[in-house]
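Enquirer: Listed below are the residues making up each chain.
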Amino acid sequence: MIVFDKPKSLTDAPLHYCPGCTHGIIHRLIAEAIDELGIEGQTIGIAPVGCSVMAYNYFTVDMVQAAHGRAPAVATGVKRADPSKIVFTYQGDGDLASIGTCETIHAAARGENITIIFVNNAIYGMTGGQMAPTSLPGQVTQTSPYGRDVATQGYPLKICEMLSQVDGAAYLERVAVNNVKNVKNAKKAILKAFKNQVEGKGFSLIEVVSTCPTNWGMTPEKALEWLNDNMLPYYPLGVYKDKYAEEAAK
Amino acid sequence: MAEKVLMKGNEAIAEAAILAGCRHYFGYPITPQTEVAAYMAKRMPKIGGTFLQAESEVAAINMVMGVAATGKRTMTSSSSPGISLKSEGLSYIAGCDLPTLVVNVERGGPGLGGIQPSQSDYFQATRGGGHGDFHMIVLAPASVQEMADLTIHGFDLADKYRMTSMILADGTMGQMMEPVSLEAPEVHTYDKSWAVTGTNCEREHNIVNSLYLVPEALEKTNFERYERYRMIEENEVMYEEFMMDDAEICIAAFGVAARVSKNAVLAARAEGIKVGMIRPITLWPFPKAVFAKAAEHVHTFISVELSMGQMIEDVQLATKCTRPVLLCNRAGGMIPSPEEVLAKIKEVAGGMSK
Amino acid sequence: MTTQILIAGFGGQGVLFSGKFLAYKAMMENKEVSWLPSYGPEMRGGTANCSVIVSDTPVGSPIVDKPDVLIAMNLPSLDKYEDAVVPGGIIIVDSTLIARKVKRTDVKVYYIPATQMASDEGITTLANMIILGQLIRVCDAVSDENLEASLKKVVSARRADMLDLNKKAIELGVNYVG
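Protein chains in written order, with our numbering: chain U, 1 to 250; chain Z, 1 to 354; chain H, 1 to 178.
With the rest of the complex left out, here is chain U (with noise of 0.2 angstroms):
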């Protein structure tokens, strides 16, 4: 018999994210690891500032809420306070790819032993569709009404071609969560992100191409399209860094 239940690691609290907005599969996903790793009682979580900046009341775990783009610097601090702890961050794209970029980029070069969960929505959805560090060339936002220009503009960010650049860096994966096949995926990556650091393997990275239905001004089955046909093209699915399988493979 196949039971379908929420997991442990999740709180009763109703989530206040907007229909069809994908961070619910991604809570779920993480809750999920958690539970799989029994590590419930010693993890620690990260909020951000944005629109996940309540996931503190959705996971039963430790959390903190950091101050924006500081996830990874909080994170550093709780971790070394207590390496026996598993602390992850879960992070937007102007949190993690904008304002924090540099928090980010230093805690993966210092191959902190931590986890972080990225949602990249391509835009800024808390505050109500600007323009984001990931939104797409020509992509219309609050802050770019005539699309995204690249010549005064600039291009996306990559994060995990980016990061896959640095040395300390563990394991980086890009998922999404647009269809059944790929959140399966996604939570694949999801666990071996916590895995490694349960192992002390150190820092691991997964981008989640996710949605806004709403601030993409789109039915969220929509959005799962445009996601597919536009978002994947730029930010295409795969592992960009697994430092424990290349060693093995040499």
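Check the hints yourself; a few may be wrong.
[Said to hold, decoys possible] Simulated coverage check for chain H against chain Z, where a stretch passes if three residues somewhere in it have a Cβ under 8 angstroms from a Cβ of chain Z:
1. 18-30
2. 33-39
3. 59-68
[What the hints assert, rightly or not] Quick partial rundown of chain Z residues pointing at chain H, CB under 8 angstroms, derived from the structure:
4. 4
5. 177
6. 179
[Stated by the list, open to error] So, partial list: chain Z residues that the calculated Cβ filter (under 8 angstroms) puts toward chain U:
7. 56
8. 62
9. 92
Derived by calculation from the structure, the hints in this document are not laboratory data. The beta-carbon is built from N, C-alpha and C at its ideal position, and this holds for glycine as well.
Please arrange chains Z and H on chain U, whose structure you already have, making use of the hints.
Expert: For chains Z and H alone, coordinates are given in the frame of chain U:
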């Protein structure tokens, strides 16, 4: 008492922090406080602690926030421009009610300014040090021994009231060497049931957070926090009075300015001028009561500062402007000489006798 | 009694080190003491100086604006601080590196070819300690006894060989009569 050693003020802070049980230091190089980091870099690995040179002051203060959230003692140090960068973190730490120790070995400003001693971050330190309603306990050492003692005391105050203690020193205090005696302090224990240490699946999760979207709730936490601040103002004020018994002129000075002023007071006394000094040791809470009391017999106050005049406003407030408060200052990294202070004292004394 | 001492020279001449030794020496004679270096870019090969105050009473300002004793280890230092010395004070000059004479007539001046002496003795890095020895001779801020105990505080244990050399340098300075 422990054997006296010669130490730089910056090193005394670092060693005192270790004695106080701090095992997690995060910093970024900046003159004139870099010796704190260098000392920690040497010592921490030998005692199982963390020394981490962060990618920025912004990152360093957030690492401090992370450790503080786990309930452990932690600190960072910097100098003026670096403290501005940390002000975001200081505000979050205040909003989360976390105990931390932050050191500012001030240099001249604004902007990149200079690297010579200054006290021009007084407003920044005593008025909160970031956005929102909050305070830090601000401790102003005037000797290397006090650099050590106030560091230890600062950790205790931080734990007791769940907030940041800031050591507000200047480049002179950081760089100078004096004999100092360092002893392991008495260990106090504090309730840290709020800390994120992992639930162990035995309790509800703890959330360290400064976000309150319901204004009524945010107002309530602010009122509660200020109730604690009121207790601090009542119980934790520290100051030194020097030759104040019959003083008609009162110098107000802290840190190196107080050291310089002491020479001037002694010289003026030798000439028969009734002058004394009140040296605030806590800049917040400011020793209001002692200034108010002094105003009953003091004719004129002189605020001696390494700034364009910042503490002077607190002296005016504490004395409710019932007496003139004059400024004797140098800025931009310059330090008033005892002769300059003495000249000011004489000018005031001359005016009084007319 | 309070003696305000300013030691000035090029960065790398050991100005801060000799000041530190002096401060330790005074501390171990149960005197009040402070030591304050100049700091910043000027330390990188430019002029460096340090203020040492030795006193029977607690030290007020640690800054030496008007030295009772000036040690000038290069010409820029003498040019800069000669006029600051209090009347009746002392100026000690490394006469190997400073060709000119002190202009002031209201101070006591001691010329010592410290750099040459260090070179002659094969201890070229210790001119600072030779000139400090001269200070010990001509000014009574600290005594010339028990040098080793204070030297041990400033010479790293890994450089124990330097202990004797430093002692020798100080003694050369103490015994030098110009």
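Enquirer: Look at each hint and say if it fits the structure.
Expert: Hints versus structure:
1. Counting residues of the stretch 18-30 of chain H whose CB lies closer than 8 angstroms to any CB of chain Z gives 4, so the stated coverage by that chain holds, three being the minimum.
2. A count of 6 residues in the stretch 33-39 of chain H with a Cβ less than 8 angstroms from any Cβ of chain Z is obtained; the coverage claim is therefore met, three being the minimum.
3. Counting residues of the stretch 59-68 of chain H whose C-beta sits closer than 8 angstroms to any C-beta of chain Z gives 6, which meets the bar of three, so the coverage hint holds.
4. Taking 8 angstroms as the C-beta contact cut-off toward chain H, the hint placing residue 4 (chain Z) at the interface holds, the least distance being around 7 angstroms.
5. The beta carbon of residue 177 (chain Z) is positioned within 8 angstroms of a beta carbon in chain H (closest approach about 4 angstroms), and the interface hint is therefore held.
6. Because the smallest distance between the Cβ of residue 179 (chain Z) and any Cβ of chain H comes to about 5 angstroms, under 8 angstroms, the interface hint for this residue holds.
7. Hint status for residue 56 (chain Z): holds, given a least beta-carbon distance of 6 angstroms to chain U, under 8 angstroms.
8. The beta carbon of residue 62 (chain Z) comes within 4 angstroms of a beta carbon in chain U, closer than 8 angstroms, and the hint placing it at the interface holds.
9. Contact between residue 92 (chain Z) and chain U, as hinted, is supported at the beta carbon level, the nearest pair being about 5 angstroms apart and thus within 8 angstroms.
In summary, this structure violates none of the numbered hints.
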